[in-house]
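Enquirer: Each chain, letter by letter, is given below.
Protein chains: 2
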Amino acid sequence: MRLLEEKIISEGRVLSDQVLKVDSFLNHQIDPSLMNEIGKEFAARFVNEGITKIVTIESSGIAPAIMAGLYMNIPVVFARKRKSLTLTDDLLTASVHSFTKNETNEISIAKKYLDSNDRVLIIDDFLANGQAALGLVEIVQQSGAQVMGIGIVIEKSFQKGTEKLKELGLRVESLARIASLTNGEVQFINDKVEELV
Amino acid sequence: MRLLEEKIISEGRVLSDQVLKVDSFLNHQIDPSLMNEIGKEFAARFVNEGITKIVTIESSGIAPAIMAGLYMNIPVVFARKRKSLTLTDDLLTASVHSFTKNETNEISIAKKYLDSNDRVLIIDDFLANGQAALGLVEIVQQSGAQVMGIGIVIEKSFQKGTEKLKELGLRVESLARIASLTNGEVQFINDKVEELV
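Note that the protein sequences, when read in sequence, are chains X and A.
Per our numbering, the first sequence starts with residue 8, numbered consecutively.
Per our numbering, the second sequence starts with residue 8, numbered consecutively.
Pairs involving identical chains hold if they fit within one copy or between any two copies, as the list cannot separate such chains.
In the BS3-like style, the derived pairs of lysine-lysine whose C-alpha atoms are separated by at most 30 Å in a straight line are:
1) Lys108 to Lys90
2) Lys90 to Lys171
3) Lys119 to Lys28
4) Lys28 to Lys118
5) Lys14 to Lys119
6) Lys167 to Lys14
7) Lys14 to Lys47
8) Lys108 to Lys88
9) Lys14 to Lys118
10) Lys118 to Lys90
11) Lys171 to Lys47
12) Lys167 to Lys108
13) Lys171 to Lys118
Keep in mind that the hints were calculated from the coordinates and are not lab data.
One chain only, chain X, in its complex shape (with noise of 0.2 Å):
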């Protein structure tokens, strides 16, 4: 997606060659526009799924995932993530690691608001090593519904999270793909392709 790309070069920075901060339009800053352009490019790649609701994952998931809810008008359910989890009767967990912040959550969605019928479409905000995104499919999974794909704003590349995703047999649509952010550089996958569109 053109103008994300183009958001992330002129905006994001290149903490690390494994980190890129967008903390000015995505992840603390949101830039509504751009989450509009983003939800309607999701409603746009999923039209033909039949999707009936989206899980994602707070916080930086939300913005993203509402702009799609509207677009695909359907329900937006985002699941919570907590140190540790208490009375879990009613709830669908999983554990999920972060290793940029080296530490577990245990995340979790209402089971009222998942049922068998469900085609759900996954979205969040990045993807690196996959663990956010594994974990809600096996939460969407408990509950019986069907994953009928993954929407990722920011997918890192070089991580091996779409590769994990796509070894399920799971659709993985990432708006934005990193292939490297070596010498403080961003370098996206298909950089060519995209300019001849």
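Take the given structure of chain X and dock chain A to it, following the hints.
Expert: Positioned in the frame of chain X, the structure of chain A alone reads:
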């Protein structure tokens, strides 16, 4: 806001005289169309205030705030909640006590996303005792920016939040104002007036 009140009546669950649960459309599962209408309404109410930025708090404030930001064509910044903060040099911070959860969190916004020229609209999902809103006001004022108003989705008018904010000379616009939750029933303020509209 009639649409919101109807949603509260049909889907809200009164858990006690103090607690209204609206996690089917606002706090856990989110209704994007309703958020869209809420964003439009906030934008209309604050259209003459020259707002340059919306400030909210994770996680449930994000959806209404992002929709308001879309209609007002301005950025949204969400404060993060943490049990404790280290390295606060680049952060504006405040302490917020939650009476419902009986815990105190540090909330923070990066200094660079607020400056003294900003005219800020604070948006949050609930206003009860006003602790979160007061924490956000404190953060905005630390930056030298001006708080132009507070937009609340659901106000529990029988608690002290609105009063405290108004005592500070702040304009509070709440889209649903709950007079009481006694006997398991939601009573709105101005019920009768609104029926005549």
